[in-house]
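Protein sequence lines, in the order shown, are assigned to chains A and B.
Residue numbers are given in our numbering: position 295 of the first sequence equals residue 295, and the series is strictly consecutive.
Residue numbers are given in our numbering: position 107 of the second sequence equals residue 107, and the series is strictly consecutive.
Take the hints with a grain of salt, since some may be wrong.
[To be verified] Derived contacts from chain A toward chain B, CB cut-off under 10 Å, selection only:
| # | residue |
| --- | --- |
| 1 | Pro126 |
| 2 | Leu203 |
| 3 | Glu210 |
| 4 | Ala213 |
| 5 | Gln224 |
[To be verified] Pulled from the structure, derived: some chain A residues nowhere near chain B, Cβ distances all over 12 Å:
| # | residue |
| --- | --- |
| 6 | Val21 |
| 7 | Ser97 |
| 8 | Val107 |
| 9 | Leu153 |
| 10 | Tyr170 |
| 11 | Val177 |
| 12 | Leu196 |
| 13 | Gly202 |
| 14 | Ser290 |
| 15 | Leu311 |
| 16 | Phe334 |
The hints are simulated quantities; they were obtained by calculation from the structure and are not laboratory data.
This one's a predicted model, so the numbers in the text were calculated from it and none came from an experiment.
Note that CB positions come from ideal geometry on N, CA and C, so glycine has one too.
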Amino acid sequence: MSEGSAPSPAYRSVRQSRRQVIPIVELALLTIFSVLPLVLADYLTIFITRVLILALLALSFDLVWGYAGILSFGQALFFGSAGYGTALLARDLGITSIFIVLPASLVIGLFVSLALGGFLLLGRHPPTTIFVALGTLTGSYAADRLARGWYYLGGQNGIPAIPTMTAGSYAVVEGPVFYYLAFATLVLVYLLCRFLVRSQFGLALAGMREQEARIAFFGYRVQQLKAIVFSLAGAIAGLAGGLYAFHEGFVGPTMPGVVFSTQIVLYSLFGGVGTLIGAVIGVIAVEIVSFWLADNYQQVWPIILGLLLLLIILFRPSGLIGLVVSERERVGTFGHPPRTLPRIAQEGGEEDQHAAP
Amino acid sequence: MPLLEARGIKKAFARLTALNGVDLTVAENEFHGLIGPNGSGKSTLMKCVAGAEIPTEGTIRFAGRDITAVPPAERARAGLSLKFQITSVLPALTVYDNMLLALQAQNRLSNLIFSRTRGPLHERVLHTLDQFRLADRASDTAAEISHGQQQWLEIAMALAPEPRLLLLDEPTGGMSLQERRLTGELLIPIKRRCSLVIVEHDLDFIRDICDVLTVLDQGSVLESGTVAHVQNSHKVQEVYLTRV
């Protein structure tokens, strides 16, 4: 390619990288969800609140799988542990203050994920993806069995009638109030995750996802990075569990179980992993489609939903977000490449012309 | 004290013995070439030194420290850097981000999370890309650049952490004659900064840049010494005339 006749690849790719779709999608969702309770009936606001809480959980899965390459079937374990933990705080100690129960749920999620992550990820040899997937799946299954069999946790019946969450003398009841609490929490956590995955730490995660074995030879302590992301995601899942327990007023043994863990994986795959917003879209889409199908096709809706999930995962592995977001944007850029050609290329010396492909 | 000292390295894969008691010594600022026919164990030896493989027997000392069973990340932090035989740049990332990824590798975690070194490293990224004639491709993904440029990018990335010992496994593989000549020119200036162990099939290339050569054959050292000494060795000539 002669340098004067057509735009250089450097110019071309800078122009391409300027077309960012993700911020537009983020802004659109933020705007829509800011006003939803004003236009929806109360029962729908309650439904969407649940969707927002589940979006928080899907976000935690996207962090571990979409960014750190850890196939975790244990997000429900952290979600459920924190749900049970905060339910017990409310039932046995009468603690319902938002300023205690939400931080407590976060800490429970963090500690359970630290314990499991330490065991699975920080062994002498780097674990395989299958080992971690089976390890987290086993953890989730064990928690389900434990909850079902332990009388103190309510056995099969779980813990019903959890008292309402409070903020001082104010009761945080389901409806618009709880909606905005869940919404604010989701936005805050999303921004935190966004900051993290676009930082230099995010670049290390991108490197780890692309070529885990290679980056260790630069000096990255890959297993430590993984354990950090796994624990952070566990804390987020725990926070979602605390919110869920108080929103539903009930926790049951399915909450930390395998089925729920798998559901989170499907949400994220459906929406598309590795963009954060894809996971949120996945939850919104699956839950709304399920809601509508269950209303209109009462007998066959699970089959229709299953087929839809299969079709998306088979024919659009990058998920719904992949329909509008390019691979280049999904991976992202982390530095600030020069927007004009540097001196060497401008001079167009013999050696540089040779260097062009 | 030599910078790298490998003694009696054996490496077996099931019934195949890839290395059978190899010794390798590399001094500070020495350019050391590893040559030998295909399957002689050159790449396996490089992998053992870098930590990609753990020797079945033998010890490897680097800067006086026994690193025989030390993980690759810790070896890198001690000053060892490897460019793999198969190009392993990160294709989905831009050339710029590949370089930044390598440069920031040994930063503290808090610096990475708060992107404290992104600004300070910017000039170094551009300077290194400029040195390796990649500055005009900074915004392209690594998948978009030519094979030769990917090789240069990987050498630049391996050099980024300022290692004490650089291990290059066939850095000119798949390059044109002119690209190989340029690669040689790019490598000469690093002699002031670090030692080099290089595996290469192009004997003219290796003769031009190396001080010392070690010839491997069937997992053992056939000959080792200065370039002139190895060139005149009857054993080496025999192997190269009959098997290469």
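Going down the list of hints, with the structure as the test:
The interface hint given for proline 126 (chain A) is met, as the beta carbon of that residue sits about 9 Å from the closest beta carbon of chain B, less than 10 Å. With a least beta-carbon distance of about 6 Å to chain B, the hint placing leucine 203 (chain A) at the interface is held under the 10 Å criterion. The closest approach between the C-beta of glutamate 210 (chain A) and any C-beta of chain B is roughly 4 Å, which is under the 10 Å cut-off, so the hint is satisfied. Contact between alanine 213 (chain A) and chain B, as hinted, is supported at the beta carbon level, the nearest pair being about 8 Å apart and thus within 10 Å.
Hint status for glutamine 224 (chain A) relative to chain B: holds, with the closest Cβ pair at about 8 Å, below 10 Å. With a cut of 12 Å on Cβ distances, valine 21 (chain A) stays outside the contact zone with chain B, its closest approach being about 17 Å. With a closest Cβ-Cβ approach of about 30 Å to chain B, serine 97 (chain A) is found to remain outside the 12 Å limit, as its non-interface label requires. Residue placement check: valine 107 (chain A) keeps its beta carbon more than 12 Å from all beta carbons of chain B (closest about 20 Å).
For leucine 153 (chain A), the requirement that its beta carbon stay farther than 12 Å from each beta carbon of chain B is met, with the minimum near 37 Å. A cut-off of 12 Å between C-beta atoms confirms that tyrosine 170 (chain A) is not in contact with chain B; the least separation is 35 Å. With a minimum CB-CB distance of about 33 Å to chain B, valine 177 (chain A) clears the 12 Å threshold, and the non-interface call stands. Not every CB of chain B lies more than 12 Å from the CB of leucine 196 (chain A), the least distance being 7 Å, so the non-interface label is violated.
Not every CB of chain B lies more than 12 Å from the CB of glycine 202 (chain A), the least distance being 9 Å, so the non-interface label is violated. At roughly 33 Å from the closest C-beta of chain B, the C-beta of serine 290 (chain A) stays outside 12 Å, upholding its exclusion from the interface. Against the 12 Å criterion, leucine 311 (chain A) stays outside the reach of chain B, whose nearest CB is about 26 Å from its own CB. The non-interface label for phenylalanine 334 (chain A) is inconsistent with chain B: the shortest C-beta to C-beta separation is roughly 5 Å, within 12 Å.
Violated hints for the displayed structure, listed by number in ascending order: 12, 13, 16.
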